[in-house]
Each structure stands twice: as structure tokens, then as C-alpha cells.
Amino acid sequence: MSTQADLDLSKHTVVADERVKKQKPLQRLLIRPEIGALFGAIVIFVFFCIVAPPFRSPEALATVLYASSTIGIMAIGVSLLMIGGEFDLSTGVAVTFSSIMASMIAYNLHLNVWLGSALALVLALGVGFFNGYLVMKTKIPSFLITLSTFLMLTGINLAVTKLVTGQVATQSISDMQGFDSAKRVFASSFQIGNVSIRITVLWWLLFTAISTYVLMKTKIGNWIFAVGGNQDSARAIGVPVTKVKIGLFMFVGFCAWFVGMHLLFAFNTVQSGQGVGNEFLYIIAAVIGGCLLTGGYGTTVGAMIGAFIFGMANQGIVYAGWNPDWFKFFLGAMLLFAVIANNSFRSYAAKR
Amino acid sequence: MTHHTSHGTGRAASRRRLRTGAALGLALCATVAAGCSSTGGAPESSDEGSGAGTADTPRATIAMITHEVPGDTFWDLIRKGAEAAAAKDNIELRYSADPEAPNQANLVQSAIDSKVDGIAITLAKPDAMAPAVEAATAAGIPVVAFNSGYDSWKDQGVQQYFGQDETIAGEAAGARLTTDGAKKTLCIIQEQGQVALESRCAGVTKGFTGGSTEILNVNSKDMPSVEATITAKLQQDPSIDHIVALGAPIALTAVQSKANAGSDATVVTFDTNSALVDAIKSGDVAWAIDQQPYLQGYLAVDSLWLYLNNGNTIGGGTPVLTGPAFIDSSNIDAIADYAQNGTR
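Protein chains in written order, with the UniProt record's numbering: chain B, 1 to 352; chain L, 1 to 344.
Take the hints with a grain of salt, since some may be wrong.
Simulated DEER-style distance windows between Cβ atoms [to be verified]:
#: 1; chain 1: B; residue 1: Lys137; chain 2: L; residue 2: Ala135; range: 43 to 49 Å
#: 2; chain 1: B; residue 1: Leu336; chain 2: L; residue 2: Asp264; range: 57 to 63 Å
#: 3; chain 1: L; residue 1: Thr209; chain 2: B; residue 2: Leu292; range: 51 to 57 Å
#: 4; chain 1: B; residue 1: Trp326; chain 2: L; residue 2: Ser282; range: 32 to 38 Å
#: 5; chain 1: B; residue 1: Leu147; chain 2: L; residue 2: Asn309; range: 46 to 52 Å
#: 6; chain 1: B; residue 1: Val185; chain 2: L; residue 2: Asp333; range: 45 to 51 Å
Taking lysine-lysine pairs in the BS3-like style, the calculated list, with each CA pair at most 27 Å apart, reads [unchecked claim]:
#: 7; chain 1: L; residue 1: Lys125; chain 2: L; residue 2: Lys154
#: 8; chain 1: L; residue 1: Lys88; chain 2: B; residue 2: Lys328
#: 9; chain 1: B; residue 1: Lys24; chain 2: B; residue 2: Lys139
#: 10; chain 1: B; residue 1: Lys183; chain 2: L; residue 2: Lys281
#: 11; chain 1: L; residue 1: Lys154; chain 2: L; residue 2: Lys206
#: 12; chain 1: L; residue 1: Lys115; chain 2: L; residue 2: Lys88
#: 13; chain 1: L; residue 1: Lys88; chain 2: B; residue 2: Lys162
#: 14; chain 1: B; residue 1: Lys328; chain 2: L; residue 2: Lys206
#: 15; chain 1: L; residue 1: Lys125; chain 2: L; residue 2: Lys184
#: 16; chain 1: L; residue 1: Lys115; chain 2: L; residue 2: Lys125
#: 17; chain 1: B; residue 1: Lys139; chain 2: B; residue 2: Lys219
#: 18; chain 1: B; residue 1: Lys137; chain 2: B; residue 2: Lys24
#: 19; chain 1: B; residue 1: Lys183; chain 2: L; residue 2: Lys258
#: 20; chain 1: L; residue 1: Lys125; chain 2: B; residue 2: Lys328
#: 21; chain 1: B; residue 1: Lys328; chain 2: L; residue 2: Lys184
The set of hints was computed from the structure by calculation and includes no laboratory data. Only a predicted model underlies this, so the values are computations on that prediction, with no experimental measurement involved. Note that the Cβ used here is the ideal one computed from N, Cα and C, for glycine as well.
The task is simple: from the sequences and hints, build the whole structure.
Encoded structure:
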């Protein structure tokens with residue numbers, strides 16, 4: 001960002017005060033958090049279109065979008081939380097937790113699966129509240145609190161499943177009432193032309209749109225930026241810091257529940273060891289999308305693009321048919337490229 | 001939507017001290033009457049697997065230490081087999097597991113320290129486990145290996161081995177693919193770099209002589225990405241006519257990917273679980289290679305009981321193979337019930 005007053009050096013007069021200076025529209029666009037990610041996404045997209053012929057088909061795009069969407073929905077919650085200055089390491093297993101709980105509650109109590117899902121939502125929001133409340137009450141960094149939650153949830157997923165079902169995967173609930181309608185909402189597909197698109201892609205776009213509106217156009221959005229930028233100043237000007245942060249953790253819980261429901265209704269049974277390590281994918285998506293690890297900066301549109309980059313890199317490598325032994329290496333290199341492109345683009349645009 | 005049948009009796013029943021879970025269920029059903037499912041759900045009563053008699057030999061303690069990744073259906077079968085044998089043999093089974101070899105070796109050491117009567121271990125990373133196994137043998141504790149370690153168990157002074165050789169199992173799968181007339185096979189590894197999985201695919205590559213084999217890595221902790229990655233591969237290479245999964249959940253996901261990609265490839269797999277049995281019945285999955293994990297767990301414990309009480313060694317110094325056996329439409333009915341009970 002330009003901090004110097006704009007001086008017309010030939011006449012030695014101040015043309016405009018920098019605080020009320022009008023930015024050029026192009027520059028305003030260029031310094032947006034997600035623009036570097038967008039640039040990276042375009043480069044990676046073009047790159048795979050060149051090296052991987054099957055990548056060019058609309059079917060491939062549908063596959064990439066699906067892979068991106070389940071990461072992307074979580075990344076919305078994770079990026080908002082990150083903008084609010086906090087971390088959540090329990091998100092990967094929280095997804096599994098939600099789907100296991102919904103499945104087991106419905107199965108063992110003979111409930112309509114919708115009711116099971118609703119009760120699981122209460123639990124998922126409860127986990128979010130637990131994280132948020134402890135972070136705010138104890139002042140211990142969220143990194144440590146949610147690391148503990150991560151371990152506890154991993155244990156609960158395994159132990160409770162085993163205790164209740166006697167095995168490590170949940171029973172299939174596909175013959176229970178409400179399953180078909182729930183599957184339509186959380187895990188169905190629809191056709192555009194000959195291409196089958198998964199419904200999670202729509203939810204992903206919708207949630208991104210809503211969260212962008214909330215973040216950019218509402219008071220709550222301002223509060224989120226404020227608590228992430230400087231918590232004490234935010235509190236001093238009357239922002240309900242505790243409520244905002246607990247709310248953000250609970251929203252992450254909601255996203256985890258939503259993705260968990262997709263898992264449950266797409267795959268019928270859930271293995272209790274799932275989800276470990278996925279929390280990093282969500283954080284990666286948010287960070288590639290321009291969220292700063294220090295908080296107070298970022299957008300959910302950026303997180304959407306970040307998830308899309310991850311999905312593209314992940315599947316593009318397969319479409320290109322590269323040696324699978326190098327899979328993780330290519331993935332890492334691709335992400336590194338995206339982050340660096342993002343970063344350098346931002347600093348370049350800011351300097352201009 | 002139908003109401004729960006036991007509405008009226010709810011209050012009276014809870015007075016008779018029904019299990020808390022059931023009571024809670026009834027309460028929930030009563031409050032949200034429309035929220036109950038009249039189809040599916042937990043069976044009203046369940047009977048527990050095989051119930052043989054119990055040995056009256058002195059109570060012994062046996063430690064079972066595996067490299068299980070927590071929460072995988074395969075390991076659950078192993079453990080159930082071990083528990084069944086322990087219950088029958090009057091044995092106290094102490095089960096522990098850690099996927100990291102050094103940690104697994106530490107678990108062996110603590111078993112030695114607590115002076116157990118026998119140790120059953122998996123040797124997924126044999127070199128890392130060797131010192132711990134030697135320490136156990138030196139302390140006079142008999143050790144048997146199962147599931148993995150086919151190549152190295154004997155050198156380490158382990159008494160008996162129960163399992164399959166992953167490469168041989170892979171070759172058997174490859175040979176069958178050749179017979180099935182496959183031309184292009186895709187072998188899916190769900191945990192990149194895991195020795196047993198890599199050897200299976202290597203075996204498939206070696207045994208499949210009718211065409212070429214390609215390997216694909218997927219991340220089994222994230223099922224949507226597994227589905228998308230297999231879909232992507234099928235779209236990239238439409239000539240793939242057979243998909244070899246190395247675990248039941250992956251096979252079931254591959255069936256979905258196949259539909260997404262509009263491919264008519266045949267899905268086959270290693271290892272089973274109850275959901276896979278239905279898939280074999282319906283023809284979604286053509287066949288599965290079964291290494292009988294329940295049997296591995298069972299034999300590991302039972303063989304130690306035989307050794308402790310009668311000095312026997314099963315196999316007499318040679319490995320006892322529990323696989324590879326094929327499960328397909330011809331024999332699926334015979335094992336379907338056991339799979340439903342969660343023991344196959």
C-alpha cells in the first residue's frame with residue numbers, strides 16, 4: 001500500500017492527501033487478497049490444459065470441481081476464522097465426528113436420518129463452542145486448544161464407534177427413513193448437458209457468496225476483520241470480541257457438519273479413522289487464497305480459489321498421467337508455486 | 001411417516017431399567033414422534049459370533065501388538081478373531097497398536113517388562129522390530145508373527161507365522177486378471193509408501209501377463225478425493241478395463257468413480273468387509289482376494305495357547321498361509337452371514 005502522499009514534484013505542491021486519495025480502479029482490483037490466487041489458478045489451469053489433454057473436457061472440470069468443493073466448503077469456515085485471527089486444527093476429524101455421530105444416533109435410536117443429522121449439528125456446533133469458549137476464557141492460543149480437540153475427537157471417533165457398533169466403521173444407514181431426501185440435499189448430482197455435476201459444487205458457490213456478502217457488506221463482517229486485526233482495539237471500540245470469535249468457531253463447526261453430512265450420504269458408512277490430516281488441506285486452501293496466517297486479512301472468495309487450485313493440482317497430476325511415485329512432490333511444488341505467485345503478485349501490486 | 005410402535009409402553013419400560021440408550025431413544029421418539037425411522041437401524045437384539053466352550057487351562061496373558069492404523073475395518077476383523085480365541089482359551093488379551101515402527105517396538109518392550117506369557121506381533125517393518133523381538137525371546141517369551149513379515153519372521157527367531165505373502169497374493173490376483181481377459185489394469189494404493197500395499201501392486205504387475213498395469217496413489221483419509229482421483233484416472237485413460245483396489249472401502253468408492261466417469265471397467269479388490277459382500281452379490285465388485293484377517297488374529301492367539309499348554313507349533317516351522325483365497329459370486333453366499341456379523 002502506498003503510504004507516501006502523492007506529490008507533484010515539478011510544482012512542489014500536494015495534489016491530494018493520501019488518506020482520502022482515490023485509488024485507481026485497476027490498482028484497487030490488484031491489491032485484493034484473492035487476486036494473486038486467481039492469477040495462480042489461471043496459470044495452473046492453462047498449464048494442465050496444455051500438458052494433460054483429458055483435462056480439457058467438461059467432465060474433467062466437473063471432477064475437479066467436486067474434489068475442490070468438499071475442501072472448499074470447509075475452507076470458507078476456516079478462512080473466516082483465520083481472518084478473525086484464530087486457527088482450528090480439529091476441522092479434519094470434526095468432519096468425521098459429525099458424520100459418525102449422525103449415523104450412529106440415527107441407527108441406534110431408530111431415528112429418521114434427518115433427526116440424526118440435526119442432533120449431530122448440535123454436537124458439531126457444540127465442538128465449535130467448546131473451542132471458542134476455551135480460547136477466549138483461557139487466553140491460550142487456539143493452536144494448542146484445537147490441537148487438544150483434534151486429539152480428543154480422533155479418540156472419540158474411534159472409541160465411541162467401537163463402543164456402540166462393536167466395529168470401527170458405522171453401519172450402513174442407506175435403508176433408513178429420510179436417507180433418500182437427505183442424499184438429494186447433501187450428495188446428489190445433476191446434469192448440465194452431458195456433464196454430471198455434484199451438488200456440493202452448488203453449495204460451495206452458495207456458501208461462498210453468502211459469506212462474502214456477510215464479510216463485505218455487514219456489521220458482522222467488519223467485526224470479523226476487527227477482531228482479527230487487533231483484538232484489543234476492537235474491544236475498545238465496542239466490538240463483542242468474545243461473541244464474534246466463538247461464533248466463528250461455531251461456524252467452522254457448521255461447515256464441518258455440512259461436509260460430514262456429504263460424506264455420510266455419499267458413502268453410506270463412515271470409517272472412524274477418516275479425516276486425520278485434512279485440516280491442513282483447508283488451511284492450505286485459505287492461505288493460497290490470500291488469508292494471512294496472522295489474521296485480519298483475506299476473503300472467502302480467495303479460499304474458494306485456493307480450494308480450486310488444490311483440486312486442480314491434485315487431479316491435474318492424474319490427468320497428466322505422471323509417475324505416481326512423484327505424486328506428493330508434484331502436489332507440493334504446485335502449491336508452492338501458487339503461494340509464491342500469490343505473495344509476489346500481492347507485493348508487486350501493492351508497491352505500484 | 002409412521003410412529004414408533006412402542007410409544008405407549010415407553011414409561012413403563014424405562015421403569016424396568018431398560019438400557020439407557022434405549023430409554024433415551026424412546027424419549028426422543030416420544031418427543032419428536034415424526035422423527036423415527038421405521039426401516040433400518042440397529043437390530044433389536046444381537047447374538048455374539050461364535051460361542052465355543054472355554055478352556056480350563058491356567059489363565060495366561062498374551063500381548064498382541066500390531067501396526068494398525070486406527071479406525072480401519074480390516075484390523076477390526078483381526079482383533080475380533082484374536083478376542084474370540086482369547087475368550088475360548090481363558091487368555092487375557094492385551095491389544096495395542098502403533099503404525100510407527102519405533103513406537104510399535106516400544107510397545108513390545110513394555111509387554112516384555114510386564115512379563116506377559118506370549119507375544120503376537122505384526123512385522124510390517126521387520127528390521128525396526130528385530131531388537132524388540134530378540135529381547136522378548138531372550139526373556140523366554142514365545143513370539144508369533146502374523147499378517148506381515150513373511151520374508152523375515154524366521155530369521156528373527158519368531159516361532160510361527162500366520163498370514164499371506166502380499167507379493168504371492170498380488171501375483172494370484174494378476175494371474176486371475178489375465179484369465180479374466182484384462183488388457184489394462186489400474187492398481188490403487190491408498191497409502192503411498194506402505195510396504196504391504198506396494199508389494200501387492202508389485203505382485204499384480206508381475207502376475208498380470210495379459211497387458212499392462214498402472215499404479216495410482218490416493219489419499220484414503222479423504223474419501224471425496226479418492227473418488228475424484230479414480231474418476232480422473234478413468235477419464236484420462238479410457239482403456240482401463242480392470243481396477244484393483246487394495247481395501248474394501250476403496251473398492252466401493254471405485255464403483256462410484258466408475259459410474260462418474262462412465263467407464264465400464266471391472267472392479268476387483270483385496271480384503272473384505274460387510275458392505276463389500278453386498279457389492280460382490282450385486283456384481284458391482286467382481287471378486288475379492290481374502291487373506292482371512294479373522295483367522296490370522298485367531299490363530300496367532302490360539303497357537304500361543306497350544307504352545308504354552310502343549311508345546312505345539314502350527315506349521316512346524318513353515319509359514320501358515322491364510323490367503324490368498326478368492327471370494328466371488330460362486331462362494332459369496334457361504335460367507336455372507338459371517339460378514340454381516342462382522343467376522344469375515
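Quick rundown of the hints versus the structure:
Hint check: Lys137 of chain B to Ala135 of chain L, Cβ distance near 47 Å, so the stated range 43 to 49 Å holds. Against the hinted window of 57 to 63 Å, the Cβ-Cβ separation of Leu336 of chain B and Asp264 of chain L comes to about 39 Å, which falls outside the hint. The beta-carbon spacing between Thr209 of chain L and Leu292 of chain B, approximately 56 Å, falls within the hinted interval of 51 to 57 Å. Taking the beta carbon of each, Trp326 of chain B and Ser282 of chain L are about 37 Å apart, inside 32 to 38 Å as hinted.
Range check, Leu147 of chain B to Asn309 of chain L: about 47 Å between beta-carbon atoms, so the 46 to 52 Å window is met. Remark: the range hint 45 to 51 Å for Val185 of chain B to Asp333 of chain L is contradicted by a beta-carbon distance near 36 Å. For the given pair, Lys125 of chain L sits about 14 Å from Lys154 of chain L by alpha-carbon distance, which is consistent with the 27 Å threshold. For a cut-off of 27 Å, the pair hint linking Lys88 of chain L to Lys328 of chain B is broken: about 46 Å separates their Cα positions.
For the given pair, Lys24 of chain B sits about 41 Å from Lys139 of chain B by alpha-carbon distance, which is inconsistent with the 27 Å threshold. The straight-line distance between the Cα atoms of Lys183 of chain B and Lys281 of chain L is roughly 24 Å, inside the 27 Å bound, and the hint therefore holds. As the CA atoms of Lys154 of chain L and Lys206 of chain L are separated by approximately 25 Å, the hinted pair is consistent with the 27 Å bound. Restraint check for Lys115 of chain L and Lys88 of chain L: satisfied, since their Cα atoms lie roughly 22 Å apart, inside the 27 Å limit.
As the CA atoms of Lys88 of chain L and Lys162 of chain B are separated by approximately 22 Å, the hinted pair is consistent with the 27 Å bound. For the proposed pair Lys328 of chain B and Lys206 of chain L, the alpha carbon gap of about 25 Å is at most 27 Å, so the pair holds. Between Lys125 of chain L and Lys184 of chain L the CA atoms are separated by roughly 31 Å; this puts the pair beyond 27 Å, and the hint is violated. Between Lys115 of chain L and Lys125 of chain L the alpha-carbon distance is near 24 Å, which keeps this suggested pair within the 27 Å criterion.
Among the hinted pairs, Lys139 of chain B with Lys219 of chain B is consistent with the structure: their alpha-carbon atoms are about 25 Å apart, no more than 27 Å. Taking the CA atoms of Lys137 of chain B and Lys24 of chain B, the gap is near 44 Å; set against the 27 Å cutoff, the hint is violated. For the hint linking Lys183 of chain B to Lys258 of chain L, the alpha-carbon distance of about 19 Å falls within 27 Å, and the restraint holds. Annotation: proposed proximity of Lys125 of chain L to Lys328 of chain B holds, straight-line Cα distance about 22 Å (limit 27 Å).
Between Lys328 of chain B and Lys184 of chain L the alpha-carbon distance is near 24 Å, which keeps this suggested pair within the 27 Å criterion.
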